[in-house]
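Visitor: Next come the chains, spelled out residue by residue.
Protein chains: 2
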Amino acid sequence: MYTPPKSKHIPQATIKRLATYVQVLESLQRDNIDLVASRPLAEACGVQGSQVRKDLAYFGEFGIRGVGYQVKNLILAITTSLGVDHEWPMVLLGVGNLGRAIINHIGFHAHGFRIQAIFDCDPEKIGKTAHGFEILPPEALAPIVAMHKIEIGIVTTKPNSAQLAADTLVSAGISAILNFSPARIKVPESIHVEYVDFFRQLYSLVFDIVRDKTSVWDDNDS
Amino acid sequence: MYTPPKSKHIPQATIKRLATYVQVLESLQRDNIDLVASRPLAEACGVQGSQVRKDLAYFGEFGIRGVGYQVKNLILAITTSLGVDHEWPMVLLGVGNLGRAIINHIGFHAHGFRIQAIFDCDPEKIGKTAHGFEILPPEALAPIVAMHKIEIGIVTTKPNSAQLAADTLVSAGISAILNFSPARIKVPESIHVEYVDFFRQLYSLVFDIVRDKTSVWDDNDS
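Protein chains in written order, with my numbering: chain A, 1 to 222; chain B, 1 to 222.
Read the hints as simulated data drawn from the structure, not as lab findings.
No incorrect hints appear here.
Identical copies carry no separate label here, and so any pair may be met within one copy or between two of them.
Using 30 angstroms as the maximum straight-line C-alpha spacing, the simulated BS3-like pairs for lysine-lysine come out as follows:
(1) Lys16 with Lys213
(2) Lys72 with Lys158
(3) Lys128 with Lys149
(4) Lys54 with Lys186
(5) Lys16 with Lys158
(6) Lys16 with Lys54
(7) Lys72 with Lys213
(8) Lys16 with Lys186
(9) Lys72 with Lys186
(10) Lys213 with Lys186
(11) Lys54 with Lys213
(12) Lys186 with Lys125
(13) Lys158 with Lys54
(14) Lys72 with Lys149
(15) Lys149 with Lys213
(16) Lys186 with Lys158
(17) Lys158 with Lys125
(18) Lys16 with Lys72
(19) Lys186 with Lys149
Remember, predicted model here, so these are calculated numbers, not experimental data.
One chain only, chain A, in its complex shape:
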């Protein structure tokens, strides 16, 4: 049964942890585990048990005292509350190596998301297929977005095409963009944007490793 959120101000950090809970719970479900106590759930998610209970309390009373959470019900309760109980169709712009990797990973459906159609500007690519999807021209975007009521666009173009891709998505009526391109994009205030760039994180790791090994960072100029 749907429990409306108890509080109106749910922190973004809670939402992101809920995504982790759902992924861990789905993994338990695949292993045919029906019941989970808050401590092992918290451990699998790498947070404190009290954090799990606090995060779930925003949405109502899920746990059964002394027993734990019913995996299936908890997944349903979280996904219903967050609006990911039905599938969100998405479009993807930019079918290079990264685009193909994302299409292959998210594919037809994963965790409530599904790629509906993929697009590229390159006439050489248009009409060919990538992991079973036909690569469509940008002109086909707006009608497909309208037809399937698509709200999320994924940008996997080269950095110098990311702004054009974002503009095309906004014109087509998209409300949110997940940008995998290493370029920042400018969009109207009403459009939501999240950035993913794991090369930034690899750089950060290398920097940490090099700093650990060399004294130049600590001893230089001192």
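Keeping the supplied structure of chain A fixed, place chain B upon it in accordance with the hints.
Guide: Relative to the frame of chain A, chain B by itself:
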């Protein structure tokens, strides 16, 4: 010529932006652009021109007044300063859909990183290949890490195997982990960890979209 970093305290945010600058510069280089002024470079990266100049100033004087930056030299200067001028071999643990997508994307080399070997616990997978790499058993990890002086491990296991993968990497002598699994991992303090989970970001986008559309989030309880 290598310019040692001028300052000893370089913010993590600067390091991450430098990763973006390098990716954008490499993209310009592929388009045969030799020179770039700080303003168009900043625009392509989605930051202010003053931010670019400030970030680069940590490493020395790169720009030519009135001309801009030489693309090739600037890439070399940044990558040398950060330690990504030579390739960093990496190992990957967990060859499922996500693992295969990452192997396909990073592949043999991209932006100074290269996957050296891939591993999985599943006897069904061991010995088979994924994108040209033979899938190796966990026992083979430590000798390969030692032989190739590998410092970075990528975790793309299911969430309930992420901690075991991290423990295996730490025992093998890895110093940094990029964790794509949705589970948090516990490692000794000396080990650096970065997390990538774009389903968390998709959840966050959906939550924003749903909140925009419904009044329950603003009007409930009020």
